[in-house]
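**Q** Line order of the protein sequences matches chains A and B.
Residue 90 in my numbering sits at position 90 of the first sequence; the count goes up by one each step and never skips.
Residue 12 in my numbering sits at position 12 of the second sequence; the count goes up by one each step and never skips.
Simulated from the structure, these hints should not be mistaken for laboratory data.
Any given hint could be a false lead.
Stated by the list, open to error - Straight-line C-alpha distance at most 20 Å; calculated DMTMM-like pairs for lysine to aspartate or glutamate: (1) A:Lys83 - B:Glu94; (2) B:Lys58 - A:Asp56; (3) B:Lys95 - A:Asp56.
To be verified - According to the in silico footprint, chain A covers these stretches of chain B (three or more CB under 8 Å from chain A): (4) 12-25; (5) 37-49; (6) 52-62; (7) 80-88.
Claimed, not checked - For each label pair, taking beta carbons as the anchor points, the in silico distance ranges come out as: (8) A:Trp94 - B:Ile8: 41 to 51 Å; (9) B:Gln55 - A:Thr5: 56 to 66 Å; (10) A:Thr88 - B:Asp53: 45 to 55 Å.
The C-beta atom is built at its ideal place from N, Cα and C for all residues, glycine as well.
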Amino acid sequence: MDLATLTQTITFFALSGAVIVAALGVVLLSNVVYSAFLLAGVFISISGLYILMNADFVSAAQILIYVGAVNVLILFAIMLVNKREEYTPVAGRWLRQGGAAVVALGVFALLTKTILQTPWQISDLPPTSDSITTIGQHFFSDFLLPFELASVLLLMALIGAVVLARRELVLEPEPIFGEEVVPPLELPERPREPVVLSEK
Amino acid sequence: MQLTYILILAALLFCIGIYGLVTSRNAVRVLMSIELLLNAVNLNLIGFANYLDGQQIKGQVFAIFVITVAAAEAAVGLAIILAIYRNRDTVDMEKFNLLKW
């Protein structure tokens with residue numbers, strides 16, 4: 001085993017360990033802020049794995065989009081819904097958690113068996129040296145329609161997020177002209193009151 | 001062989017994501033688990049693009065599409081969580097039973 005392979009192996013296992021530990025922290029920690037920061041750790045470690053697999057552009061996009069946009073968005077959401085609430089205990093919750101753990105481990109065992117049994121046809125050709133050029137050629141030739149649809153999807157997500165996250169306007173009957181002057185530059189909003197929970 | 005290591009790592013990440021998706025009670029943590037799932041899929045795609053399709057790396061193109069959809073999903077999902085939090089004043093998944101009998 002020469003030096004390059006050794007370095008690659010060591011880097012791979014270090015990054016894999018970081019990914020697994022941080023992902024377990026995301027799922028298992030009780031403080032959701034720690035989970036969000038550990039999620040950034042997962043994203044950065046996965047970006048390192050991408051570099052290890054010759055995917056430099058996707059690695060940069062991963063850091064820019066996931067760490068820079070999605071994770072910051074999640075942190076903002078945590079700040080906006082920052083409510084320390086004690087969850088009411090639910091009967092039989094440990095059974096559900098145990099069942100989920102068993103199912104997840106079963107899926108993992110099944111996937112591992114499938115992965116180890118399948119004869120992968122590893123390509124002998126060396127990977128392409130300029131991945132960015134190849135990706136760009138794909139985007140503007142055979143993946144042109146999905147590329148344009150992705151932009152439409154992003155626009156839809158933008159408008160949809162704004163529509164969903166803003167407060168609803170209160171539609172009041174039109175005041176008689178001259179009687180009551182609504183001050184300009186003001187967004188009338190529905191008063192903040194939670195929907196009454198119907199207790200069974 | 002390193003492709004199997006990558007695939008096993010992605011499978012493990014996927015299963016951790018499924019466990020978090022099912023068991024977590026905070027709605028924001030559910031979204032984080034979905035991001036873990038999407039990252040596991042991306043890891044698979046990049047691994048296949050590197051080891052099986054090194055010349056025309058279509059797996060990386062798919063991974064970029066998945067990243068795009070994940071960003072859109074995160075934005076809309078967090079907006080939905082904000083709207084629900086405003087209405088119900090909680091982020092507990094056990095209390096989101098608006099559509100359940």
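**Q** Indicate, hint by hint, whether the structure satisfies it.
**A** Verification of the supplied hints:
Our distance criterion of 20 Å between C-alpha atoms is met by Lys83 (chain A) and Glu94 (chain B), whose separation comes to about 16 Å. Distance hint between Lys58 (chain B) and Asp56 (chain A) is fulfilled; the C-alpha atoms sit about 14 Å from each other, no more than 20 Å. Taking the CA atoms of Lys95 (chain B) and Asp56 (chain A), the gap is near 43 Å; set against the 20 Å cutoff, the hint is violated. Here the region 12-25 of chain B counts 13 residues with a CB under 8 Å from a CB of chain A, which clears the bar of 3, and the coverage holds.
Coverage of the region 37-49 of chain B by chain A holds. Counting CB-CB distances below 8 Å, 6 residues qualify, and the rule asks for three or more. Counting residues of the region 52-62 of chain B whose C-beta lies closer than 8 Å to any C-beta of chain A gives 9; at least three are required, and the coverage claim holds. Closer than 8 Å: that is the beta-carbon criterion, and the region 80-88 of chain B has 8 residues meeting it against chain A, so the requirement of 3 holds. Hint check: Trp94 (chain A) to Ile8 (chain B), Cβ distance near 29 Å, so the stated range 41 to 51 Å is violated.
Distance hint check: the CB atoms of Gln55 (chain B) and Thr5 (chain A) are about 22 Å apart, inconsistent with the given range 56 to 66 Å. In this structure, Thr88 (chain A) and Asp53 (chain B) meet the distance hint of 45 to 55 Å, their C-beta atoms being roughly 51 Å apart.
The structure fails hints 3, 8 and 9 (numbered hints given earlier, in ascending order).
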